Each structure stands twice: as structure tokens, then as C-alpha cells.
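Residue numbers (numbering that gives the first Met the number 0), protein chains in the order written: chain D, 0 to 481; chain Y, 0 to 481.
Note that these hints are calculated values from the structure, not bench results. In this text, all values refer to a predicted model and were calculated from it rather than measured experimentally. Please note that a few of the clues may not be correct.
As the list claims (entries may be wrong) - Over 12 angstroms on every C-beta distance to chain D, these chain Y residues come out as not near it, computed from the model:
(1) Glu-71
(2) Asp-385
(3) Ala-420
(4) Asp-456
Claimed, not checked - No more than 25 angstroms apart at the CA atoms, straight line, and that leaves these computed lysine to any residue pairs for SDA-like:
(5) D:Lys-363 to Y:Glu-71
(6) D:Lys-363 to Y:Leu-109
(7) Y:Lys-298 to Y:Phe-369
(8) D:Lys-80 to Y:Ser-269
(9) D:Lys-375 to Y:Glu-69
We put the beta carbon where it would ideally sit given N, CA and C, even for glycine.
Protein chains: 2
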Amino acid sequence: MVGAVETVITPAMVNGTVEILAVVAKPLPPVVAQNGSPIEAEGEGDAKAKKNREIVLGKNVHITCLPVTEPEANDELTGEKEAYIASVLARYQNTLINRTKHHLGYPYNLDFDYGALTQLQRFSINNLGDPFIESNYGVHSRQFEVGVLDWFARLWEIEKNEYWGYITNCGTEGNLHGILVGREMLPDGILYASRESHYSVFKAARMYRMECVKVDTLVSGEINCADFKIKLLANKDKPAIINVNIGTTVKGAVDDLDLVIQTLEKSGFSRDRFYIHCDGALFGLMMPFVKRARKVSFKKPIGSVSASGHKFIGCPMPCGVQITRIEHINALSSNVEYLASRDTTIMGSRNGHAPIFLWYTLNKKGYKGFQKEVQKCLKNAIYLKDCLRKAGISAMLNELSSTVVFERPKDEEFVRRWQLACEGNIAHVVVMPNVTMEKLDAFLNELIEKRSTWYEDGSIAPPPCIEAEIGKENCACALHKC
Amino acid sequence: MVGAVETVITPAMVNGTVEILAVVAKPLPPVVAQNGSPIEAEGEGDAKAKKNREIVLGKNVHITCLPVTEPEANDELTGEKEAYIASVLARYQNTLINRTKHHLGYPYNLDFDYGALTQLQRFSINNLGDPFIESNYGVHSRQFEVGVLDWFARLWEIEKNEYWGYITNCGTEGNLHGILVGREMLPDGILYASRESHYSVFKAARMYRMECVKVDTLVSGEINCADFKIKLLANKDKPAIINVNIGTTVKGAVDDLDLVIQTLEKSGFSRDRFYIHCDGALFGLMMPFVKRARKVSFKKPIGSVSASGHKFIGCPMPCGVQITRIEHINALSSNVEYLASRDTTIMGSRNGHAPIFLWYTLNKKGYKGFQKEVQKCLKNAIYLKDCLRKAGISAMLNELSSTVVFERPKDEEFVRRWQLACEGNIAHVVVMPNVTMEKLDAFLNELIEKRSTWYEDGSIAPPPCIEAEIGKENCACALHKC
């Protein structure tokens, strides 16, 4: 799962027309973007333009831009520039408050209070390089970082002296690192990942020049292990590097880790011929708090786990955690021929504030606090799904997931207002700790009220059948509702 | 240049002995680490241990760690946890103040005041994906990001509608992106980089499975174009991807971009057979403000330029800027076969606070402000070099550079106290805007005083000859001083 619904390539619309400053690639299906991507530029909804929707690659359209202006010589006297900056920031803050209030589609916990850490903003805190190796740069926060890593090591059941890890910039960096470690362990390994894996997994394959095999998924979004087996057997001569999703981006589906391991073993892959990276961007942190969930644990033959810090925990900026086995890092480092040998992280300079934010929340909430929040999220997700179904709207909720998938609202303005992430005919809400029942009620009331107007005109097609996406039993279209 | 002196692999020392929890690779020369890395864990200086110095790879030694502890049930009543966290943070803040005060070795401007932005810390600001394409996630800062990018585009002389770029997490991400763009443009291209290039360049070659040829350097640290030519001619059948350093990590040397281009042309490489990435982590931003400097400009046949935001500008967390030509991004995107096609940045989720910090400083200081600061830095760097030479200490300062290279102080405690970056027998101070003449005087006085004691005992070897590193004319060893 993870970095979650992050890619977006949409046309830039300026004054209702699609402005193309660059090469235009293959057209997108109407009102659809892969990866649950939203579709259009803010404030634009021209129906004609929608029809002309195309992917514009490498676009550079200055839809919204706050230009940097050169200060005047007398600025300090007049205070004009100061006043301008202050007014921009005040307006921006209002936008942020409003946008934070109406947010449901991304798995970010927007409910945090880091007031106690405000004073640290005046320091340039940088954990450059390996977290376990002191740098001469003294303004760092390694002591917090290692504390946080230990916590995650305990969560995923690996001994302190057996793991290696670091705080990343986001879920993508965790996946890039995990897959790189896998490739260095098994240089001619093939990367296997389900179609519903996060796009960063496929990006890694491309960056690293790895052969990549996509595996089919079940309706739930989980990897289809029958198909996985067929593909493994077709490539028996090469080792396997597998990305296992602990919560897919769109449907919040959790791949069956035990079944994946079983499939590998049954297909004749011994433990030295496979490497498993668990992409646990969101659920990697939630699952351990659900008693009946399959465990993500280093007691199983997995190589690495990554999770995001700005999602379930909540953080002002994106960040993540990557944990792997220490012997893999040794292999990674000793394999290197040149300078890179002392280089264990993907990035060089690393944000030293992020570990402090995480450390603070982990200390304040603890296991028990997270457990309570996970339970609340799962309960509220069930509530949302039930209300949608009662209102006759197609909806699906995977077991142990807080991602409610439902019929894509017809009105793009509504989608934008609630910042829903969409893919094809489906949208989703990810119920995070900041999503209260009251917020869900407000959303539901608005959806139900607006929806009744979307389909009242007979000239418009009825709500689509989304059996293919969420299964017959969850579909409430004209054909399936009875 | 840049991410600058960031890698460090040193032994972890616990109670004065080298603790090795992992595989030990090849031994390091005494008191030396590549990449200007410091050598030991804070607070340790055992001479015996120093002799046993070795690289420990994939180490996981919990030298300093603030553990996360589970809150007690009655924490809210007693307030104990709250008090514990507050005391940790207060102590930490004192350390940061002290460490910020005594800092000279890394090219970070620690002098900034972002008090006006404090209120934004409570928002989860995320510019996921491409900066020019709106995401449905509303809590972003693209309007600031594009404003900052426009400013850099102007600085490096490329039209608004001809560039593409984004705010990165650090200099390394810029290099990873620039070299990836180069590889996608010229898939079988060989990567050429001088030996003194930043380690992230060689990391990129490894990650991307590219052939990489190291080019010799001059004593100044600049790329040796005679050697470059020989290596180009030996590989004439393959296109060339070149990393040009706008300020190397250790010596602050600026590769001669014009001569590199000339060498390519003279060696028979037409413009469609080479791609130049300029690693301008520090000087990419300073050079344009020095009138007599060779220009980094997109009017020349270069493909991309990256710079760091936390260095000369100053920022609480690492960040950077990457600018490339829009047509390269089109090529990058349309080449892709699978999902990754809509993916233009290396990371997925992206820190939305960093662009606001940069926007704020650019607006406040402007071209004129930076120009003034660059001049001050160059002037202070000359002052430092002159004082060192007057005191009989070997020292070098490249023209147009603010990185003063000098004889490595004998005492590791002193190196650590001033957070100097070292490599072999040399150390450096990077004069940033926060490095005042008073600070330099304090440093010089302490160095000169301590140094007189390091060499007074006849049993210790005299100050080393560093002719090889900085040239005969800059060396003040017994042999060269007269």
C-alpha cells in the first residue's frame, strides 16, 4: 500500500480549456485516472474540457503560483513587503484550515498537536547518512531516531541487534530501499508485485533495471496466489523478489503474507532464493494492533518492512520508517565496488525533525493509545460502509481495513471538496483517527442529498455497476441491488 | 558537490573499545575516513581504540538512544510522562544551541528566522507528485513551490514554459533525478564523473545499473579535462552522461563547464549524444551572484541543475531544487511501459513545508540580499585562509569558493567540537552567511593555541606535508614552508 494515491497526472485546465505546453501522450479513459488520482485542476469543472481529457506529460502550467518578488530598496522602512508576506500567509493558513477540515480521501491523520516542538523549528537538524553512525555534524536527532526505530523493531518482532533501519522521507523511499536491498541480495531476481501495488514499486523496477512481473489480484485487491504460482513456475530459474502489500493504495487490501510464503515454498523456491519486502505504508502500523490480523513479523522469512509516519501517526511533513535485517545491509555495503560502499540510505541529508515528531507521538500514545485509535478507525469505517449501503450506494470494506471503497460521486466538485481519491468508477475514504463520526455524518448527508439530484434527470445514465471492482455482493446497481 | 560530506562509516565506540556487532570490512587508514567523514562516536577519544579503527558495515550500536516508553495508565493524572518529555526536549534544545554555535565544517547556513511560519507546523502539508499537476489532496503548497521554481529558472536562465522541476528532499535526490533523466534520454550512456564528485553520483550509477567512468581531478579538485578526453575517446561508441560539479564536496572546486562542453565537442560527441547534469548543491546558488564566475546556464547545452535549499539559503530540514528541460521530462514519462508513466519525481509524498521556507527567504532577501551574503562569505573565507597561512598552517582556497581547506587538526576532540569535515590529512571550513569574522577569530585562536601543544613533543611527527592534496604553493610543511 502506501505513499497512497499519490501520483496524479491530469490535464491542466486554464480558463476551461486544456492547455498543453508539452507532448501529449495516450488519452485517459473519461473521468478516470489510475492510482486513485483526482482528475482536474482546482476550480475547474468545464464539462467540455472533461471530454477532451488527456494526459499531459511534463507539463508546466502555472495554475496557481505565488511569485517571488525582489524586495524594494526601501522595504525595511515602509514594511510593505513584510505586510505582503503576512497577508499571503494569513490567507494560506485559512485555506489550510478549510482544506484540513474537509478531507477524507487520503490516509493522513491530520489530528496532531506538536506545539511542544515549535521551538525546534529554528534549528537545521540533519541526520545525514546512517542513523547508527555518528556524523561530525552535531545538530542531529539520532538519539530520537534510534528510539523510534527500536519501537518499530519491537512492533515487527526483530531483536535490537538484528535489525537495521532509518527514518525515510515517505513510503516511496521505503519501497525504493527495500527493493534495492532485495536486488543487491539477488542481483538477477525478478520483481513480483500485484497489479494493485503502489506505483513506486513499478518505478523501482524501472529505476533499478529489474525484470518485473505483475501478478493478478482478487476482487478484494489482494494478490492472487494462484496466478502468483503460475508466474513463479514460469520463471523458476531466477530468484524472486516480492513486494507484499500490507494494505493496497486503493482498496486497503492486505496480501496474505503466509500464503505468499507458502506459494514460494511450494513452487520450489528455497529461502535463499527469495526476498520479501512488505509495503506497509498505512496498515503496517495498524495491523499489529488488531488481534485477529495476520502478523507482519520478522519471525517469518521477510527481508524488510516499510511504513509511513505521516499517515496513521500524523506528522507535519511526509516521513516513513524502513526496517530490514542487519545482514542484508552488510551484503548491500560489501557488494559495492566504489565510493558508495559507505552509503546505506537512499537519501544523503535527512530530515532530523521527523524522528522527533514520531518519537513524541509514540511516547504520548504508546501501544495502548494506538490500539484504541485503530479500533476507533475500524469501527467508524464499518459505520460509513453500513450507512452507504443503507442509502443504496455500492460500497466495500475489506476485513481489517479502514478504507471504504464506494461508487465514485458523479460530481467532480464534490470529489474535490472532500478530497476523495478516485480510480475509474470507484472512490475511497480512508478512516483515520481524525475522521470522527460527526465528520462522516456530514459527508454522508451531503453525498446522499447531492446524489439524489445527480441521477434524477432521466437523460443521465444510472449509477454504474461496479461489480468488477468491488464484487457482486457489494454492488448496489440496478442489476445487483435486489 | 554537495549533500556534502554526508557519509560516515566509523566504528562505534562503547566505553572506549570498538564494538563490532556486524561484519567488518577492509580497514581504514588511521584517523581517516573518506568523504570527509568524521571518525568517532561522540564523547569518545580513546587513543588505543583509534588505532584499531575499522569500518563496521551495517552496524547497529545504540550509542545514544532515547527510548520510547509506554505511558502509564495514570500518566494523565500524575503528569509524569509530560514532565519527562519536557525535560528531554529542554536538554536537547540546549545541545542544539551549543552545537549550532560551534559549527564550521558543513555548508549549512544555520542563521535563519522562520518565526512567521511557526503556525504552519500544525498542518500536514504534502505536495505529492508533480508540482505542476494538482492533486485532490488539498493541504499542499504548490503555489509556493512553483514560485520558488520560477525564481531558480530565472537564476539559471531558462524560460518559464521550457523548464520542469521540483523541490527535492536534498542534494542527493537532485543528483538521483538528474542522472535518471540522463539515463532515460541515453539508455546506454556511460556516466562520467570526477573522482571528487559527491558519493550520491556513484550511488546513482550503482542503483541505475549504469556503466561509470571516474575521471581524474586537478589539485584544485576540478575535473581534469585532459583525462576526460582520453576516457571519452576510449568509449566513443557510447553516449556520455556527465556529472559536472559546481563546487565539490571537499575542496569546493568548480568544474569548468565550458571546457567540459568543449572537450565533448572536440571528442566528436554531438549534442544528441551527451547529457550534462550540474550538481550545484552549494555553489549552484552562490555562483550566479559572483560576477566573474563562469555561468551555470541553460543557454549552454546542459540537461539539469540541482542545488540544496538547506545550505546557502538555510532551512530547518534538508531540501533542494531540481530544474531540467521540459522535453526531457516528456521523454522520461513517455518511455515508460507500465504504471510509472505518470511519475515524474523520485519521491511520492513530498514535504510541503520546505517550499514555503524557501519562498519566504527568497522573498525577504532577493537577488540583492544573496549577492551581499555571497560577497561576505567569499571575503570571510579569504580572511580565514590568510590567517591560517600567517600562522604557518597549510591552507588552500579555490577562487570563487568559500570552502577553506587546511591541515587536519591533530586532535579529534577539536575536530568534533568545531564539527569540521575531514578527509585524509585535510579538513575544511565552509564559510556560510552565519559564519562571522568573530566566530572565525574564536576558531583561529583556539586552533593556533592548541596546535602549538600538539607538536611540541618531539616524539610526535611534525605537521604532515599536504602538497598532494592542496598543491605545493599552499603547503606549509617543513619541506615547503621556506
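- Quick one: which hint numbers does this structure break? Sort them smallest to largest. Result: hints 1, 3, 6, 8 break, sorted rising.
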